[in-house]
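In the numbering used here, the protein residues as written are 5 to 210.
For the record, the hints were derived by calculation from the structure and aren't laboratory data. Ideal Cβ placement from N, Cα and C applies to all residues, glycine included. Each hint should be verified, as a subset may be incorrect.
Cβ-Cβ distance ranges computed for the label pairs, FRET-style [said to hold, decoys possible]:
#1 Phe102 x Val150: 18 to 24 Å
#2 Tyr184 x Val124: 16 to 22 Å
#3 Tyr184 x Thr55: 36 to 42 Å
#4 Lys160 x Ala18: 30 to 36 Å
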Amino acid sequence: MAKWTESAKAEWKAYGQRLRNQLNGSEADSAEVEEDIKRHVDEEMHATGLTVVDAEQLRSILTRIGELETPQETEAGNSAKTSGPSNKKQKSETFAQFRFGLLVLTSVVWPLIVLVIEVVTRMCTALVFDPMPSIWHAFVLFGIPVGNLLALLRLKNTSATQPHWVSLLVSFNVGVSLVYTLFFMPLLPIGVLGIVIWGFGLLPLA
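With these hints in hand, go ahead and build the complete structure from the sequences.
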């Protein structure tokens, strides 16, 4: 568990006081709400690997989970402060989903499509060289998009500690990709020019 500095403790105490003032008169239990936010803060610190947290880091964590701002003294200020973090958190989640979808498209879907095209047409084998001269090469190449998908699904869960096999899997995929990148590097200029011809120029770029 991360150690809190005196400045972090003071920051949390001030935040808790503002939170209690905000919820005063409402049906919500301020102690329960504060405990729930504290739990989210602890999870975020654990996920980021912090061992010592100061006031600035605490404010940063509260900002990320959408709980930094507390309402002003007026009801109008309370309404604005309540909706602001929620909207910010929603935008952050939307961007995270878009980024995850883009990663799946570029590291899973597209390489898998290219491999299937090569298996069916043997285009690269006929024109340049055989990227899958044996069944073991095929297993390795088809394992890359599958491994990427497993790693992405695991990394999507940011609140959990990632096992070592994720790092090993990513390192293996990167190594294989670098080897084939060197083989296909002479074709990259041709691939860029070939994009305008039925999109086939994207095949060597995968």
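Hints and how they fare:
1. For Phe102 and Val150, the Cβ-Cβ distance of about 23 Å falls inside the hinted range of 18 to 24 Å, so the restraint holds.
2. In this structure the hint that Tyr184 and Val124 lie 16 to 22 Å apart at CB holds, the actual value being about 19 Å.
3. Checked against the hint of 36 to 42 Å, the C-beta distance between Tyr184 and Thr55 comes to roughly 40 Å, which is consistent with it.
4. Hint check: Lys160 to Ala18, Cβ distance near 34 Å, so the stated range 30 to 36 Å holds.
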